[in-house]
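Chains as they are written, first to last, in the UniProt record's numbering: chain A, 1 to 228; chain B, 1 to 228; chain C, 1 to 228; chain D, 1 to 228.
Calculated directly from the structure, the hints in this document are not laboratory data.
Some hints could be false.
[Claimed, not checked] With a Cα cut of at most 30 Å, we get these calculated DSSO-like pairs of lysine-lysine: (1) B:Lys214 <-> A:Lys139; (2) C:Lys171 <-> C:Lys80; (3) B:Lys214 <-> C:Lys140; (4) B:Lys171 <-> A:Lys23; (5) A:Lys83 <-> D:Lys140; (6) D:Lys171 <-> C:Lys44; (7) D:Lys44 <-> A:Lys80; (8) B:Lys80 <-> A:Lys139.
[What the hints assert, rightly or not] DEER-style ranges, computed between Cβ atoms: (9) B:Lys44 <-> C:Glu154: 43 to 49 Å; (10) C:Lys80 <-> D:Arg22: 32 to 38 Å; (11) B:Lys120 <-> C:Lys80: 37 to 43 Å; (12) C:Asn99 <-> B:Thr192: 36 to 42 Å.
Idealized CB from N, CA, C, for every residue including glycine.
Number of protein chains: 4
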Amino acid sequence: MSVVLSESHPEHPFNLIPELCRKFFDLGWATGTGGGISIKMGDKYYVAPSGVQKERIRPDEIFILDAEQEVVEEPRTTEKKLKMSECTPLFFNAYRMRNAGACLHTHSQSCVLISLLCDKEFRISHIEMIKGVSNNVTKKALGFRNSLVVPIIENTDFEADLTSSMAECMKKYPESCAVLVRRHGMYVWGDTWQKAKGAVECIDYLMELAIRMKSLGLEWEPQPKSVP
Amino acid sequence: MSVVLSESHPEHPFNLIPELCRKFFDLGWATGTGGGISIKMGDKYYVAPSGVQKERIRPDEIFILDAEQEVVEEPRTTEKKLKMSECTPLFFNAYRMRNAGACLHTHSQSCVLISLLCDKEFRISHIEMIKGVSNNVTKKALGFRNSLVVPIIENTDFEADLTSSMAECMKKYPESCAVLVRRHGMYVWGDTWQKAKGAVECIDYLMELAIRMKSLGLEWEPQPKSVP
Amino acid sequence: MSVVLSESHPEHPFNLIPELCRKFFDLGWATGTGGGISIKMGDKYYVAPSGVQKERIRPDEIFILDAEQEVVEEPRTTEKKLKMSECTPLFFNAYRMRNAGACLHTHSQSCVLISLLCDKEFRISHIEMIKGVSNNVTKKALGFRNSLVVPIIENTDFEADLTSSMAECMKKYPESCAVLVRRHGMYVWGDTWQKAKGAVECIDYLMELAIRMKSLGLEWEPQPKSVP
Amino acid sequence: MSVVLSESHPEHPFNLIPELCRKFFDLGWATGTGGGISIKMGDKYYVAPSGVQKERIRPDEIFILDAEQEVVEEPRTTEKKLKMSECTPLFFNAYRMRNAGACLHTHSQSCVLISLLCDKEFRISHIEMIKGVSNNVTKKALGFRNSLVVPIIENTDFEADLTSSMAECMKKYPESCAVLVRRHGMYVWGDTWQKAKGAVECIDYLMELAIRMKSLGLEWEPQPKSVP
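Make a model of the complete structure from these sequences and hints.
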């Protein structure tokens with residue numbers, strides 16, 4: 001966000017991160033303390049804490065970091081000792097390499113299943129919801145006939161160990177706004193939190209749809225001539 | 001609506017469109033900024049904005065149009081510059097050709113899957129929920145033994161380009177209150193917003209049911225003699 | 001309910017029927033104006049109106065009937081002209097033949113699918129949730145090893161025409177607290193609204209589970225010796 | 001909980017048990033009066049009542065027991081006569097044998113289906129969400145490459161009769177924080193209510209995922225060499 005909002009504004013990251021975490025929990029994307037959310041406002045980076053129930057995060061539990069990934073403000077709560085999200089270096093891949101305004105991490109079952117059904121990439125085309133995802137190079141929305149391509153990296157024992165393979169993958173797929181982690185989940189980013197949220201909703205929809213299409217024997221990326 | 005409600009009434013379109021958009025979002029029919037809603041009250045046509053998070057629309061973000069599809073009142077918000085829904089000419093197909101009181105557009109997964117399982121039409125009969133849909137010519141509810149028929153048109157690169165093929169399809173299927181757009185979603189209308197909402201709930205239920213029936217090897221339109 | 005509650009009590013039928021209708025709507029059991037609820041309190045029978053959005057019913061929209069099925073109090077609203085639920089004679093089957101305290105009607109997809117997968121009865125045994133359903137003759141809860149049996153009647157063009165076949169079925173199955181209507185939905189009753197609600201939750205759970213079991217090749221009513 | 005909270009605190013068991021019961025109901029884990037929750041605070045054990053609608057439990061309906069499983073405080077409500085949960089001796093297995101801080105019981109469909117697809121144990125590995133479950137001996141979180149193992153016991157006619165077979169199973173599987181009851185549901189415990197809740201969310205997620213994996217022909221516990 002280029003505009004810096006007051007702390008009482010419902011879209012200030014102190015309030016927005018808890019709200020979006022509750023939504024992600026309700027969708028099954030962030031249960032069992034899984035998943036995570038980070039939003040940039042001005043020159044500050046707001047990050048949810050690690051290992052907590054995502055639907056119960058409060059405004060005073062959020063970390064504030066600078067562009068060097070240093071904590072500039074600890075969570076204000078005095079009730080508990082919090083750890084910063086282990087996803088932080090992965091969020092910063094999106095901030096540094098793509099100048100993102102927000103980065104979201106989900107553990108949705110559709111991500112895990114798609115990562116098991118695909119080899120190096122998930123590809124789907126000719127579905128309207130593809131138009132809700134932008135090309136990270138041209139900054140334009142994908143077209144209905146374009147293929148959405150989400151690359152897949154292998155999972156590691158510790159989340160932070162994904163940092164370099166995610167960065168490498170982002171270099172190889174400069175147009176993509178998302179990376180799937182096999183048997184784990186997905187990272188999605190955008191220029192603003194609204195774009196990141198719209199993208200994760202579209203991509204998760206497309207992955208769930210693709211699983212149902214597979215069960216019904218339907219093709220994900222039809223030959224152009226077979227689509228009117 | 002023939003009765004013109006005050007702006008504070010919960011069923012005034014300023015309040016009802018945001019409420020129904022939230023419901024559609026929660027049902028997965030309008031995620032990722034997809035879907036749209038338009039309601040007529042008196043001689044005014046209320047339309048939700050384009051490309052926004054549908055569950056966060058506020059009363060001051062709604063456009064008001066006249067019968068010529070001209071904007072007579074811009075959204076009152078001064079916080080953001082909004083674009084009118086790209087579905088507007090499609091909503092007006094329903095207003096002009098069917099004298100509708102409301103037109104709804106969803107991106108539900110069941111619509112997309114049904115559009116991939118059918119050729120020119122979706123047909124189902126002998127399910128009680130069919131009775132919740134009206135015949136647009138006779139204005140009577142369909143009977144249990146009638147076939148609900150929803151025609152399918154092909155998707156285009158830009159939503160507005162669907163206008164003429166939707167209109168043509170509506171001429172060919174005068175009894176239908178809905179048009180499926182292949183690989184995209186559905187438009188449903190009704191004489192009132194209540195009827196349009198009831199119809200979309202019944203048709204989506206029937207499509208989801210049909211997908212589950214197919215997985216279980218059950219027929220959608222049984223021969224009359226095989227149904228008691 | 002033997003205790004007569006004041007109109008302001010949240011469990012007075014004026015408040016409870018709207019609350020339960022909202023829950024049923026959210027579960028997909030009463031969308032598109034489908035489904036219905038009736039509760040007895042003292043010597044009065046409370047019935048929801050017909051053809052309305054079930055999640056928007058208000059306390060002043062409920063009909064009150066006596067034991068002869070005559071309206072003793074019209075809905076108090078002056079805003080609209082309401083029709084009494086077409087399910088009323090079916091609810092009264094449960095009141096007259098079983099001395100029920102409440103009767104619930106759902107259009108859930110699991111009911112419709114089960115009615116298409118079975119011939120004359122749905123039968124399942126050896127699942128813990130069966131214990132949430134009572135035998136209508138002995139008034140005792142079913143045991144884990146008992147078979148839950150729900151008889152199925154054929155649907156008719158008009159809901160009221162189900163009255164006699166439902167009554168006949170209830171005579172033939174005196175132990176059952178539910179009747180499935182093929183391609184339509186289910187009626188479930190209980191001595192109290194709590195028991196009716198508990199029963200419909202258990203039976204719907206068992207039907208949904210049975211559909212998933214069928215997809216996985218699992219048997220609904222295993223031979224006793226094959227279950228430890 | 002080692003800290004003893006005041007009764008007005010939202011995380012006091014009087015308030016937390018009703019809140020978690022509502023959540024479990026909404027997830028389909030505690031419908032039809034099924035399921036149950038118990039939390040320890042200080043040297044007191046709080047237990048929800050038996051045979052009631054789990055989403056309507058109030059703070060004044062909770063039983064308080066001591067370490068000898070004796071009731072030290074009856075529910076304060078004077079409106080109804082409540083029975084203590086039949087799961088109580090099973091909850092105390094977790095308190096006595098594992099020094100648990102909370103024990104949760106669900107009737108989720110995924111538990112029942114997994115119990116029908118497996119013989120003596122449910123096993124899954126190489127899925128990120130496994131890391132949300134702790135080893136009860138080492139008290140450390142499982143690793144991504146570890147197998148989560150949940151043992152299965154046979155159901156009995158009366159819940160209390162599961163007490164000894166559950167205890168025996170817990171001795172045989174000292175590392176496990178959960179026991180599946182075939183055709184019935186699951187018991188899950190943790191050092192704190194937060195850990196128990198996190199574990200049940202992860203395990204249920206893994207079971208639901210495993211059912212979907214099976215439908216898609218995917219393996220639950222791949223050979224190490226076949227996973228990068």
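Subject >> Restraint status (C-alpha distance of D:Lys171 to C:Lys44 at most 30 Å) >> reply: Status violated; Cα separation ~56 Å.
Original post:
So does C:Asn99 sit 36 to 42 Å from B:Thr192, Cβ to Cβ?
Top reply: holds, 41 Å
Original post:
Holds or violated: B:Lys171 with A:Lys23, Cα cutoff 30 Å?
Top reply: Given pair B:Lys171, A:Lys23 is violated - Cα atoms ~42 Å apart, limit 30 Å.
**OP:** With a cut-off of 30 Å on the C-alpha distance, tell me whether B:Lys80 and A:Lys139 pass.
**Re:** holds, 20 Å
**OP:** Given the hint of 37 to 43 Å, check if B:Lys120 and C:Lys80 actually sit that far apart at their C-beta atoms.
**Re:** holds, 40 Å
**OP:** Measure nothing beyond the straight line between the CA atoms of B:Lys214 and A:Lys139; if it is 30 Å or shorter, mark the hint as holding.
**Re:** Measuring from Cα to Cα gives roughly 40 Å; hence the hint is violated.
**OP:** Would you check the hint for B:Lys214 and C:Lys140, treating anything up to 30 Å between C-alpha atoms as holding?
**Re:** violated, 39 Å
Original post:
Does the hinted range 43 to 49 Å hold for B:Lys44 and C:Glu154 at CB?
Top reply: Distance hint for B:Lys44, C:Glu154 holds at roughly 48 Å.
Subject >> Given hint C:Lys80 paired with C:Lys171 - CA-CA distance at most 30 Å >> reply: violated, 39 Å
Original post:
Using the C-beta atoms of C:Lys80 and D:Arg22, is the stated range 32 to 38 Å upheld?
Top reply: holds, 33 Å
Original post:
Does the alpha-carbon distance linking A:Lys83 and D:Lys140 stay inside the 30 Å limit?
Top reply: Holds: A:Lys83 and D:Lys140 sit about 17 Å apart, inside 30 Å.
Original post:
Between D:Lys44 and A:Lys80, is the straight-line Cα distance small enough, at 30 Å or below?
Top reply: This hinted pair holds, its Cα atoms lying about 23 Å apart.
Checked against the numbered hints above, the structure breaks hints 1, 2, 3, 4 and 6 and satisfies the rest.
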